[in-house]
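Protein sequences appear in the order of chains A and B. The first sequence runs 12 to 195 under the working numbering. The second sequence runs 924 to 1133 under the working numbering.
Mixed in with the good hints, there may be bad ones.
To be clear about the criterion: a stretch of chain A counts as covered by chain B if any three or more of its residues have a C-beta under 8 Å from a C-beta of chain B, and this derived list gives those stretches [said to hold, decoys possible]:
{"no.": "1", "region": "37-48"}
{"no.": "2", "region": "122-135"}
{"no.": "3", "region": "159-168"}
{"no.": "4", "region": "172-183"}
Here are the computed distance ranges between Cβ atoms for each label pair [to be verified]:
{"no.": "5", "chain 1": "B", "residue 1": "Ile1096", "chain 2": "A", "residue 2": "Pro53", "range": "35 to 41 Å"}
{"no.": "6", "chain 1": "B", "residue 1": "Lys1093", "chain 2": "A", "residue 2": "Pro53", "range": "55 to 61 Å"}
{"no.": "7", "chain 1": "A", "residue 1": "Arg77", "chain 2": "B", "residue 2": "Gln1128", "range": "48 to 54 Å"}
{"no.": "8", "chain 1": "A", "residue 1": "Ala67", "chain 2": "B", "residue 2": "Ser1100", "range": "47 to 53 Å"}
{"no.": "9", "chain 1": "A", "residue 1": "Ala110", "chain 2": "B", "residue 2": "Gly1019", "range": "36 to 42 Å"}
{"no.": "10", "chain 1": "B", "residue 1": "Arg951", "chain 2": "A", "residue 2": "Ala194", "range": "54 to 60 Å"}
{"no.": "11", "chain 1": "B", "residue 1": "Asp1071", "chain 2": "A", "residue 2": "Met78", "range": "44 to 50 Å"}
{"no.": "12", "chain 1": "A", "residue 1": "Leu159", "chain 2": "B", "residue 2": "Glu1078", "range": "25 to 31 Å"}
{"no.": "13", "chain 1": "A", "residue 1": "Lys49", "chain 2": "B", "residue 2": "Gln1128", "range": "20 to 26 Å"}
{"no.": "14", "chain 1": "B", "residue 1": "Ala994", "chain 2": "A", "residue 2": "Asp125", "range": "24 to 30 Å"}
To spell it out: a stretch of chain B is covered by chain A in this simulated footprint if at least three of its residues, at any positions, have a beta carbon under 8 Å from a beta carbon of chain A; those stretches are [to be verified]:
{"no.": "15", "region": "987-999"}
{"no.": "16", "region": "1013-1019"}
{"no.": "17", "region": "1053-1060"}
I should point out that these hints are in silico values taken from the structure, not numbers from a laboratory. Yeah, the Cβ is synthetic: ideal placement off N, Cα and C, and Gly gets one too.
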Amino acid sequence: MRASLLCALVALAPLAASAAEPLGRHRPSLESIEVLQKSSVPPLATGEFTVASGAAIDDTNGVSFRMHKRVPARGESLASYARAAFVTELRAAGKHDPAAKAVITGMLVESRLDEGSAALAVRIQVSRSGQPVYDKVLRVESNWDSALLGEVAIPDAFNHYTELYGKLILQLFQDQAFIVATAR
Amino acid sequence: MAGAHNKSIANVTAAIVISLLTGCASPRYFVDGGLKDVDVSQIERLERPRPVQLLFAFKIRGLVDTRTSEALEAEVARVVTTSGLFAAVDEAPAAGGAILNVSVDFLPDTGSEVSRGVAAGLTLGLVGSTRKDPILCTLDYIAAPAQDKLTATAEHAIYVPLGIIDARPKGIILAKSRVDAWRIATGQSITAGLRDLSHSPAFRQQAQTP
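Isolated chain B, as found in the complex (with noise of 0.2 Å):
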């Protein structure tokens, strides 16, 4: 009895640490702390706003993520929308023409991943570290066709722990999943691209009515 006792905790300590070696232990994502303040009310609105065509892009390594795009898209309208900056915000090509391209590109940090996820797991997850993955978020505004682009750009970052001992950085804030993560970081760049943009004199000239 107590030797079937033994075997199923060998069994269950074995599983944990096969599934630690696979890096996969329902990794929890964090949103770094740095653009939390950052708020629509530091959006310098504009006396006549125009409509604007809105593009928006989640990608990761540079390449376009098609279903992580339509799952934060209704978020990023909502978000360009109450910033005040544009009297409408639509997919379709707007009135004068200006559109309002925005790119989230998610860069992780997965060269390191399976020495880090084995160091963890081979030690029952005693050697803790935690991966920074950077995000840079792009904003193109272009006022019309043929006029030059004027970018804002905004860098925000998730973080995901690997192992027991906490090896986070002070002030990251907890996300519900992985998605959760990105449209928190999502909506937090691009009010701060905007807030950018908002503060610029070309953009406060180009995207007004005369």
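Chain A extracted, bound-state conformation (with noise of 0.2 Å):
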């Protein structure tokens, strides 16, 4: 019976689900930064972000794929793991000034993370001294092909769902609406 239970221990030990690890802090992308520094964006504070209301995003419990999960830091959620980014980039470019005028909050619409499939949308909104002068819902997606194998499938799909972060944040950077908002 003991033999039995070893044998099964053993067999089973590498398909085991593992506990819940970090997602990992964002990183900051060149191509983002040289995008900031050839812009007229002025320097921008980070505001609220949240999860918009009726939006299925478990905020709190990070994101799941075959049994494997990975979590914001301690304390912290899927809308504030998305301003942290924001915080990075800005940061890293030379652009981020908690006392200026124009702020930026987030809502999270979409948090999505699929066998082949990733999705984010973030609605945006820039304020100035108070006053809306951006407002848009930015959608970012990612599509490919999962392997059968955990070991290169696992990685490989939180690495997808990760950059959604860094793409969506250089997609507001490029946009010329939220350039002419912030450079008003």
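Reconstruct the complex from the two isolated chains, following the hints.
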């Protein structure tokens, strides 16, 4: 009986689901820095990031894929992960100023990770001295051939998901409406 | 009694075979020996180095792996700082706007993983093979905004043996874990890239104050 149990454990150990692991801090991209440095976007502050009411997002439990889970840092949520990503990119470009008159806020509308597909949508609002100057839902999506092997598929899936934050931020920095609204 | 003992042996054997078939039987990671002799002493120092903003991303198949990047960033900052090529190294923008963008891309050869794992498993590990996972390290130095990049690259590799019979190439270094293998390979690759940059006349001109 004991031998059978041992055998079952040996055989199933590699297949067992691991505990929740951190998403990992967002990395600033050279591309975003260069886009911001070339543009007239002034230093910006970052306000509140939340989840849109009715959005099917498990804000505090992170994202799951094949029984593996990645979660934001302790005490944080996906919304605050998105905010931290914005702060990281702005700071790396020298365009983050907590006291700036122009403030970016965000509302997560979609956050999804499936087999071979991930999507992220955030409603971005910018206000200047309390007056709204920009309001748009930005959405990015990634599709790939998901591998059979978990060793390949699992990190690929989470990496595709976390890359969406950088893609969405770059999309905002390249949006002419955003550049015009913040430069006024 | 003997029957029960034989059954236990059969069960253990079956469990090991299944474990090998999954390709997850405690893999060992080895670092290629090609860059093991690269040393910070080979970097040609600058007389008047400038500060630099350090950006680092560890990638797997071209995708940034935030978790591993975070695990390795302190080591990367240490390697870049000890190179002596920069007056200060920081994540924040540097005075003068110089940027060192370090990208380490892990490109595992997992295409034939299933067939090799099954071959090793079906032969109880007798059919050994070694997977070579290349690593491409790219260093881009930008002296000031809108200035052209100066690029140096270094190629490295990690080996993962499968099966019992040793099919490993010579001169490779055993790492404690996969992350440790990445840490060693990343440090050596960056040192090699910085060494090459330090010998570039364009870099020596742009990375120093006049």
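Kindly indicate which numbered hints from before are broken by the structure, ordering the numbers from low to high. 2, 5, 8, 9, 17
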